[in-house]
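Put the two chains together into one complex; each comes in its own frame, and the hints tell you how they fit.
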Amino acid sequence: MPDTFHPHIAGPDRFGVTKTVRTIVNGVPVTKDTAAHTSLLDFLRDALELTGAKECCAVGECGACTVIMEGAPVNACLLLAVEAEGKAIETVEGLSSGGQLGTVQHSFLKCGGVQCGFCIPGMVMSAEALHRDNPDADETEIREALSGNLCRCGGYNRMFDAMRDAAGQDTHLTTTEPVTGKTIGANISRLGGVERVNGRQDFIADIDVAGMAHVKLVSLDTGRARIKRIDASAARAVPGVIDIVTAADLPDPMPRFGPAYRDRPVIAVGETRYHGEPVAAVVAESKDIAAYAASLVQVEFEALPAVTSIEAALAKDAPLVQDPAMREGDALADTNILKTMAWEWGDVDGVKADLVVDNTYTFPMVTHFAIEPHGFIVDAANDRLKIWSPVQHPFLLQKIMAQMFDLPLSDVQVLSPDPGGGFGGKQMPKFEPLLAYMSRKIGRPCRLILTLEETFQAVRRAGAKVHIRSGFSKDGDILFHDIRSDYQIGAYVDIAERVTTKGNYLACGPYRVPNARINARGIFSHTPPSTAFRGFGTPQVNWAVESQVNAAARQLGLDGFAIRMRNVSDKGDQVVPGDVPADGHWPQSVQKAADLLGWDKPKLPDRGRGIAVGIKAGATTGLSNSTVRLLADGSIILFAGTSDMGQGARTIFAQIAGDALGAPYDRVSVVMGDTSAVPFDLQTSASRSTVFMGTAITRACADIHAQVIELASNRLGVDECDLRVADGKIHLPDGPVPIFDFVQNMLSNWNGELIGHGRMSKPTDPDHPLGGTPAFFEFNCTAFEVSVDTQTGEVMIHRHVTVGDVGTALNPLQVEMQDEGAAIMGLGHALYEQILMDDDGRIRNLGAIDYRIVTSKDMPARLITGMVENADGPGPKGAKGVSEGAILCTAPALAAAVTDATGVAIRDLPLTPERIWRALQTQIDTEERGT
Amino acid sequence: MKPFDYMQPKDIAEASAAWASYGASARLLAGGTDLSVALRHGKIATDLVIDLKGVVELQPDISESSGHLRISAGTTMTGLIAYLGAHGLFPSLVDAACVVGSIQIRNRATLAGNICNASPAADTVPVLAALDAFVEIYGPDGLRYRPVAAFIQGNRQIDLGTGELVAAVHIPLPLGKQGCAFDRITRRRGVDLATTNMGCLISGAGAVTLAFGAVSPRPLVLHDESGILGDPMAKAQDRAPVIEALTAQARPISDVRANADYRSAMLSVMAERSLAKAHARMAGGAAHA
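Chains G and Y are the protein sequences, given in the same order.
Per our numbering, the very first residue in the first sequence carries number 1; after that it's consecutive.
Per our numbering, the very first residue in the second sequence carries number 1001; after that it's consecutive.
Just chain Y, same shape as in the assembly (with noise of 0.2 angstroms):
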């Protein structure tokens, strides 16, 4: 590993200048499980870390403010499991984050983090497309929103400009009922990658938007406009073709952890197994399921 200087601005001005100032040559770090192994393993150098984590403006804080849920770029894993859970809010997002890696990283891992490693598999991800999530970018000319699967450009690329850095991300609270869910497809129950994951939204009106990773660079997600996916008495057979077209639009590609083949066939196994839980959270009446 190329060593490396390090430093923790104390605020968020601060840490956008420094970010600025060294531009590519440095890295900003937050829960640090992603960029520590790229860094040993040489996959990025750099010559500064910035560590975010004593930026005031960034500590961990999770609020409800405007018809948002504001989670704050320093929130870890743990920290949103365990005020999702105490809220009853967004059991879906939930789900995702508790297969975030082991409890050691989701101990430090951040939601943010997880969206700005900009992994085609991250977990949590499609969960926050299909909830229309957004992220809060401060930067030198202020404050900037962009939706979750905008803000993910491809595999490893995000829409950041100069000195601009995540703040928060920003979830809509439900105004009625609603019922998420989220799947995912591994090679072991164990702590693994997904093969394929998704996110699963079923309005209070019946829209239904399903969101895929890992079967192309960036999350896609693809909205039910036949209106069978979000009854809950349609049958299979009426869903099946629903499906089968909105997943032809994925483009997975062949790797270590599946083929293609594999991954494609497992985008309707997941979609149907997600809606059934979605209908099931709808029905179970939790208002920001």
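Bound conformation, chain G alone (with noise of 0.2 angstroms):
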């Protein structure tokens, strides 16, 4: 029995009370001291240095920590470590033996069942577990064996291929290997991927630094406060402590920061504007100590108003969220509104319309939960910044630590490790700048990961509230869109001003709209800054736009395809007057989508169908430059400052150099992720990358080719302008070589190598709206067929097709995993995600036990992604971007086949059961306004 009880007796290296733990770890006996809280995750990843198993949700609903106990899997996260004595653990390390993948972890990547990886450890674990007990399990079986482990990347469909391939049945679509010859238009694997399965990927969490301190967040159970007093005497008193920040050791007045807005505080002072907002940061020998001294430092504060939704805001006399004197200038500073945006053409009030459809649409707040929560390292010990952060934008993040610690570029190095899933939750700076002043300040490299609450409470998606007429004829011609969109956005700018911007500025959609008028408002609230998301604030209004395309539909006796297919925007028709018109044969998407749906097959009495479109504008400007070196063997190492988060960015810039240079795609190393190794790309956003950076990488390989063509010439004494590259082979006069067989001749006893630079830029326009043209535009149909439970109001999915217009695959197995993963996220908005609040501001539902997104059960009965291709993109081989069009029109294309099921009408998200049955019990639908 224990003695009276001394939390830290043990010292700081020894926090709490110590135990041995003797155990079987992979297969080797283990005997090692470790704290009696430690859970078992903690101790074998700080421990063991066993890092496969990740922290996300620590509640064990994400299942990403998920290792096999005696043979069951378990969560590592809810286990002591002492529990597992005399216990065998076997975690992801285990599954692989000699560099050869177990048959579950060959099978996940051979069909496309990774992405960003961060889930992966975890869910190989709960998939060999499956695969030992009942390798033949039927679908149904390996939903439930999988459900306890959630992704955000992908659709799971991906995983249960995997499990039948692994169960040796076939699956409609795996990877192509091994790889000889072009590799653009196949499935070729992913680059990085056998890391993913096999635990090794290092992501933030899993990265050590020498030296490093561990920082905790203080932050107070309540939305708007005024911080009165910060007592943290009794948190300076455990042992490990090294320090606690507060505003009053920052720089006066406090530094701030944004991308747009220099309005963030590094730490909050004198005020906090949202629930989670940091008050004081406590620095500590192990996270554990801080974590504990975090939570004894004692805060005195007086609660105030809260503004928590855009009524709230905009009502006369609401609190202002952002001090007048911080918007200096600003007409609008005495307001909760950021920015008030107009665009129109045509003439909206002098059009006569058949039917005018006059409606009010929300979209709640919602949060990217990728499974990786938000994680920092910062050494700022020296004179210079090197920063550890999973950003999806190295280069804005060292410009902006670098302004605000006055620094040259040159001394500011960020290092960004794959992110483990981005959605545009890892754009911008959060917490690095607070990291900086601890680490300047103690000496020491500070890291900073945050729990999945935390991450919450870091960034979001805009909430929003749409108002719209809309005017058609009686053939169902729209006549004119009238739009007035409210974009909740949080206490800070972060980016949110470009993504009302962005997202309303196509408000109107694919389609030919002869008039149009588009108000749209950014609106302060006291909740975490709303910043970039899959869709950038295109599916808030779409949701409002493509419903209202339905309604009138419904009232014209047309059906959903039908309208669509008369006013969606071909091949050159225009978009936005005056802008670039449409890039693609869009109907021909529709008419694909139809198909795969089968739109006009007979339905079941029960069943609704629903169908939406929507566009989102490709990056408008910016520059990504690329290093593409030619080694003397033939192999190629490339130079990119994309963050490949999932997406696989690393994987087609691979394919385009190894088939540009001649080289297998095994030849191909690519590097990423350090400002002081790779030049500029402006950032990983956007769905930019291929289009952007893959053309930067096919001018850099021009480049080499250029230098081969000057090299055959120099060697082989022939006119240059009787040599020529193509396909990746250099044409001599004796015949096409490939240029890897080639420059293994010609550099072999030389051992130099070519160098080729490219760049892709576009300019900024300074009198666009979007500061620039979309380079390309993704165009999705998304249809849906379903049916109700009318007593519970739940919805069982038995369609669900997604059609992107893509320009062309350069994989198409990632074009679709991207698809699959944007559609399944859509999911989650339309059905079941949302952030709410109570009257103080807080968020009621932090956390992965009351957040719900979809999960491997929750997956439509059949998913089906159809893409078309008419090489019609500005990028390599004319491809576009293909991240993010899935998720545009999720939620009406749903919404409007719940509707033809059960004839309600419902205008706000989710469409949680409760939402479907209220409206199923009222059964009003003052949609029908028509005039």
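It is possible that some hints are incorrect.
Stated by the list, open to error - Calculated lysine to aspartate or glutamate pairs in the EDC-like style (CA-CA distance at most 16 angstroms, straight line):
| no. | chain 1 | residue 1 | chain 2 | residue 2 |
| --- | --- | --- | --- | --- |
| 1 | G | Lys857 | G | Glu141 |
| 2 | G | Lys729 | G | Asp741 |
| 3 | G | Lys228 | G | Glu300 |
| 4 | G | Lys316 | G | Asp334 |
| 5 | G | Lys729 | G | Glu710 |
| 6 | Y | Lys1053 | G | Glu70 |
| 7 | G | Lys571 | G | Asp872 |
| 8 | G | Lys182 | G | Asp727 |
| 9 | G | Lys857 | G | Glu794 |
| 10 | G | Lys352 | G | Asp482 |
| 11 | G | Lys339 | G | Asp263 |
| 12 | Y | Lys1043 | G | Asp719 |
| 13 | Y | Lys1043 | G | Glu453 |
| 14 | G | Lys474 | G | Asp354 |
| 15 | G | Lys857 | G | Asp840 |
| 16 | G | Lys19 | Y | Asp1047 |
| 17 | Y | Lys1010 | G | Glu85 |
| 18 | Y | Lys1053 | G | Glu85 |
It should be emphasised that the hints constitute simulated quantities derived from the structure, not laboratory data.
Model, not experiment: these values are computed from the prediction.
Structure, rendered in structure tokens:
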């Protein structure tokens, strides 16, 4: 029996009560001291350095920490290390031996089950357990077995395929290996995929920087509050605590930062503006000391009235979220309106419509829920900054940090390990500035890994309320849209102004709309900052506009397919007058989606069908550089500033360079994620990398082609005019030779290399509302067939079809994986996801227990991905960006199917069972306001 | 998280003595799927965790004796599901146990722990209440037994005295045919906490018990006095007022998972579905259904 309890009796090296654990890990007996309170997950990761198992939710919901104990999968986060005494533990590291992947690991990779890879170590352990127990599991059993593991990148369906593949059954689409010859257009296996299935991929939380100290944030259990006093004495007294920082320890005035507005304080000063805004930060020798000490920091505060909805923020006498003094010269400074934007064409008021539909729609605040929570390490111990942050834009972070700390860019190095899912949430600096101040203060590197709850409080998607009047001819022609969009942004602007602008600029969608008026506003609220999120402001307004089109179709006796075929722009047709026209044969995608759904086939009486379309503007401006080094043996090192966060950029880049230089795919090495090593790239966002960086790489390879010709001319004495390069080969007078072979001959004695540089730049157009024309559009058509349990309001999805206009699929499997991931993420906000606030501005459903995303068991009975390829994009081989299309119109298509099945139209998301039930109870359909 | 000490007593007397000695400054650990979350989130701070998994009397064990099925406190949901499935017993309890978390959770979580955690939304509790299950409580003064429905006294409140711990869960084995069913309402199909749930038992004599979860701080156990619900030939329009009158006793709250009126409305939906399933199971003739 224990003696009187002394929490810190053992001192900082042994925080807590030391226990010895004897266990067998991956077949190896281990005896190790640990603290009694240490989780098995921390024990494996920190004490045994087995970092394959990951931490995300820490409540047993996400499964990223799954290990097999005594033959059964368990959540390592929910076990104490001491509970593993005498037990046999298997981690992902134990599944592969001698570099050979296990069967399930191999199938995951082969079938496209792996994207960012953060969920994979846990996922494959659940899959492995099923495969051992029941290799011929049917799909119901597979869905059940994987339902304790969340994935946010894909659609789980590839994982179902992987289980069948592991059982020796056929699956429909798998990767091509080994790779010889041309790879573009083939389903090439993911570069970096092996590390993702064997647990060796280092994510931010897996990086150990010598001497680093651990930071924990202190925040308040309320939304908006005046900070009256912070008493950190109890926290300081905890052995192992190095320092505690509050606003008083930082420069006065408080440094502020942001990508467009420098409004976000490094740490809350005087007042908190949203639930979770940190007021202090503890740095300690270990993360559990920091966490415990943070819980002892006493903050005396006065809760202040908070505005957490658009209505509240716009109410007369609403408290102002931002101090007007911070918005000097801004005419809106005494309101909660960030900015108003307006676009208009045609004559909305003059047009005579046969039918006017007038409705208001809402879209909830939702969170990215990348399975990897945010994390940061900053070393400011010397006079330079070294920052590890899994950001989507290392160079923007570098610039902002250099400005804040008055350093030359050359003294700010950003190392960006591959993000474990980004979706826009890993854009923009968050706590890097705070860590830099703390690191400077204590003279050591500082590390902060957020919990999932803190990640939810860091950034989110803007909620929206859209009022829209739409006019139609009796034949179904769209005559006008009159749109008023309010986007609920947070307490600080982050990138929300651009989100509101870019989303609403294309509010009228992929149609020929002769008359339009769009008014959009960003509305501050006492909520976490809203930032970029897949679709970048489009899903919100498109929910409203597409629902209007569906409402009109119902009233006009048309179906959703017919009204779209009537109005959707074809290639060259106007989208926004004066801007670039439609860049694809979009009706082909609509037709294909309808065909894949079986739109014209008879349906069962309880079934409903719905369809919707969407477009998003691709990147409008920016610069991407690439350096490609062709080495003496024909192998290639490619440098790109892109972040591979699961979209598979590294794979595409290697395909482009390998094909261009005639090298096998496995001879291309891609270097990313270090601003000191790779040339400038604006960012990884807006589905831009295949087009922008892909083009830069293509041009870098062309630069090498010229050098190859020069080399051949010099060595062989052939006139350059008689030499040419095509398809990765140099065409010599004797015939074509792959560059790969040619340089081995030519460079082997010399030991030199050829270096190519390439760039794609799309300059800013100051007169364009978006700062430039879209480089391409992402067009998608989504269709559903559903049934609804009218007693409970539950939706059953029988078929979910998504078709994108992709230009050219450089790697069709990856295109499908991205499309499915976007589609299923869209299903999340369509059906389940919403951040719920209480009156005090607290988020009520923080964390994985009450914020619901799609699990394997929620997948549609069938998810079908199609694509239209006309090689009409601006990227390599006619490619367009593809990662966001399928999230643009999920909700309106699904809602239309629900309406078709039940007769009720719902204008608020998500379509929870309760919301559908409520609508069915009232059966009051107020949409029928036709004139 | 505040650090704590850990002990793993070897027998039930030692566990009870430690628990009695440390009282409120200690916590009992079984599967840990609820406790570890509460500790990490600071909802619970403790000085000592007493792990019951080493206690010899509590080792996973399911046995039939004197008309009961006795499920030891160390039995996990996975163990329970496997046993009941293999023996064709209490399919309703299998249904309930199968939706407690994910497979990973069920490999750790225990039936006794699900009861002792006393969450109003616990999925096994309404079934156990409908089946008249009771807990075997070991304490300094020996054993005592309490019906599950009475043992749970409120949200996160149970009837355990100083040094007492649940040693087993007992379920009366049916003497003849009976039909039982479990149902729940959730926000999604995948792992979810119940918005509301229920167990339903039709005895061989046609007596019907409905037990609802997540509509009051403790399980709401209702008995049909009309005889209509136990009549497999009764018409839906005759059942409806009976169900409505019974479920009117529920006092659900509005929370992050649902509003009260939705919960209320779902009670009759679940009741209808459960009755149909229970009648079907009874007709199917599984002696222990």
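Restraint status (C-alpha distance of Lys339 (chain G) to Asp263 (chain G) at most 16 angstroms): holds, 15 angstroms
Agreement of Lys571 (chain G) and Asp872 (chain G) with the hint, judged by alpha carbon distance not exceeding 16 angstroms: Given that 16 angstroms is the threshold and the Cα spacing comes to 10 angstroms, the pair holds.
Does Lys352 (chain G) pair with Asp482 (chain G) here, judged by a C-alpha cut-off of 16 angstroms? Holds, because 13 angstroms separates the two Cα atoms, which is no more than 16 angstroms.
Proposed proximity, Asp354 (chain G) with Lys474 (chain G) (alpha carbon, max 16 angstroms): holds, 5 angstroms
Hinted pair, alpha-carbon criterion (16 angstroms max): Lys1053 (chain Y), Glu70 (chain G). Please report holds or violated. holds, 15 angstroms
Would the hint linking Lys1043 (chain Y) and Asp719 (chain G) be met if the CA-CA limit is 16 angstroms? Distance of about 79 angstroms is beyond 16 angstroms: violated.
Is the hinted pair Lys857 (chain G) and Glu141 (chain G) satisfied, with a Cα-Cα distance of at most 16 angstroms? holds, 10 angstroms
What's the verdict on Lys1053 (chain Y) and Glu85 (chain G), does the C-alpha distance respect the 16 angstroms limit or exceed it? Judged against 16 angstroms, a Cα distance of about 11 angstroms means the pair holds.
Are Lys19 (chain G) and Asp1047 (chain Y) close enough, with their CA atoms no more than 16 angstroms apart? Cα-Cα ~15 angstroms, so holds.
Take the C-alpha atoms of Lys729 (chain G) and Glu710 (chain G), compute the straight-line distance between them, and say whether it is at most 16 angstroms. Roughly 14 angstroms between the alpha carbons, so the hint for Lys729 (chain G) and Glu710 (chain G) holds.
With a cut-off of 16 angstroms on the C-alpha distance, tell me whether Lys857 (chain G) and Asp840 (chain G) pass. violated, 35 angstroms
Is Lys1043 (chain Y) close enough to Glu453 (chain G), meaning Cα to Cα at most 16 angstroms? With a Cα-Cα distance of about 15 angstroms, the restraint between Lys1043 (chain Y) and Glu453 (chain G) holds, given a limit of 16 angstroms.
Hint compliance for this structure: hints 12 and 15 are not met, and every other hint is.
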